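Participant: Each chain, written out:
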Amino acid sequence: MTRLVEVPSQFDDRSFDQFAAAYAQATSGAGGERLLFDAHAAEWASPYGLVGLLAAGEAAGGGERPLLTVPSSAEVVSYWARAGFFREAANLFEIHGKVPKTKPATESEVLLPVTPVRAAEDVHAVVSTIQQRASAILAKELGLDPKATMGFAMALSEACQNIVEHAGAGGWVAVQAYNWRRKLARRVVVIAVADAGVGFRHSLEPSQAKRFGDRWGDAAALEAALIQGTSRFRDPGRGQGLAGIRRYLARWEGKVAIRSGTARIAIVPKWDDDVPLRDGLPAFPGSQVLLIIPEQGSPRA
Amino acid sequence: MIQHIKVHDVLQQSVAGFYTDLVTRPTGRAVRESIERALPAGTIAVMDFTGVGCLDYSCADEIVAKLVREKVRVLLLRGTSDAHRDAIEPVLLGHGLAVVCEHPDGTLHVIGAREPAATLLDELVAQHVAARTPGGAIALTAA
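Just so you know, the protein sequences line up as chains A and B, in that order.
For the first sequence, position 156 (counting from the first letter as 1) is numbered 156 according to my numbering, and the numbering increases by one without interruption.
For the second sequence, position 67 (counting from the first letter as 1) is numbered 67 according to my numbering, and the numbering increases by one without interruption.
Pulled out of the complex, with its shape left as it was, chain A reads as follows (with noise of 0.2 Å):
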């Protein structure tokens, strides 16, 4: 028997948990079932979407390799495959649909295509990436000051990072440009990095769970991650990653979420109504970290 978990239509972080209660739903209590994530009505995808489809095929993949149907939308298949999202697919789904032979886009707004993350070479081949492709696109069109573009550089880094030193599993990384008029009316940049590894309560359980007692869990440990800056290593200099990008994006008024296990955090700027802390969310592997910056200034007409 195959258990479907439907890919929204809109697939971006707001449409996550809607995904991630199918993927629960379709996940409890299945021994060994098959599933199917069928994506053929996807009109678009952000990239936390697109790399949070690919944790998922991960966290399924233990018996048989579950199975993807493309969206049925050419144009949406193929800004798919330009967005780099097929060849990290083809070895984790058994894909049905017709993919295009197009190579990940190196130009034009996807700034880092979708690309794996397992070790620290990997963050040094993004982390150059991103200096020689960003720093135009940062400063003119969202009117970032030029030397902003080295810290945008570290806020990747150590998002990238996070899952080498934290999840125990691989996991990928997207940078796209975009305009976004549903929120601002503005370009922003958006990096999205997601794992299927052991998330934020798992990693922090040893050295935090005692300190927050009945509270602990995942809407804790994430609040002690990203609030209180804490790390499960004893060594006094880490934990430093998280209070980084905090600091950079609150300097360009950006924002950051991190939804792990059952839980999402969200350091919310002026131009967003999100919710700092939501529990209670579906429970879906890993971890998924959003970090958006805004164009600087007022909105576009």
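Hints listed in this document are in silico derivations from the structure and should not be mistaken for laboratory results.
Predicted, not measured: the structure shown is a model, and the values here were computed from it.
Glycine included, each C-beta is placed from N, C-alpha and C at the ideal position.
Warning: the hint list may mix true and false statements.
[Said to hold, decoys possible] Only pairs whose alpha carbons sit at most 20 Å apart, straight line, appear in this in silico EDC-like list of lysine to aspartate or glutamate:
no., chain 1, residue 1, chain 2, residue 2
1, A, K147, B, D82
2, B, K71, A, D235
3, B, K71, B, E123
4, A, K98, A, D38
5, B, K71, B, E33
6, B, K6, B, E33
7, A, K140, A, E109
8, B, K71, B, E36
9, A, K147, B, E89
[To be verified] If you only want the chain B side, here are some residues facing chain A, beta carbon under 10 Å, derived:
no., residue
10, T24
11, R25
12, Y57
13, A87
Dock chain B against chain A, hints included.
Facilitator: This is chain B only, laid out in the frame that chain A set:
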């Protein structure tokens, strides 16, 4: 005697692959261990960041903070960009440490925690490594 460290060169020698960015803990650890092997404990050291691209918090902690905490008496940074200092300063503050930065005009300034910062420049002057300029700033006498 002042010890000189060219960070970019150490990075090239310590890590496989041609990297100019100081990112990730393993890279930071490899670079620091290379530096430590060549550096006598308790010395005054000049660390030159010329040619280094991105420096992240992990490397700032692994290299700069740990050398100041465990190895050198005074660490003087040269060739740093604003972005490098943006990574280094919060890490130093977190540990209650401070280092001396040499600006392009040769003057010395301290970044990091206030308490150790107050004594760093005095120590360089006392060791005759630095002196007051006619304008009242402090600069290295010979390095």
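Participant: Look at each hint and say if it fits the structure.
Facilitator: Results for each hint:
1. K147/A with D82/B: Answer holds: K147/A to D82/B is near 8 Å, not above 20 Å.
2. K71/B with D235/A: holds (17 Å)
3. K71/B with E123/B: holds (16 Å)
4. K98/A with D38/A: holds (14 Å)
5. K71/B with E33/B: Distance of about 11 Å is within 20 Å: holds.
6. K6/B with E33/B: Holds: K6/B and E33/B sit about 14 Å apart, inside 20 Å.
7. K140/A with E109/A: holds (13 Å)
8. K71/B with E36/B: holds (7 Å)
9. K147/A with E89/B: holds (17 Å)
10. T24: holds (4 Å)
11. R25: Holds, about 7 Å.
12. Y57: Since chain A brings a Cβ to about 4 Å from Y57/B, closer than 10 Å, the hint holds.
13. A87: Holds. Min distance 6 Å.
Figure legend: structure checked against the earlier numbered hints; every hint is met.
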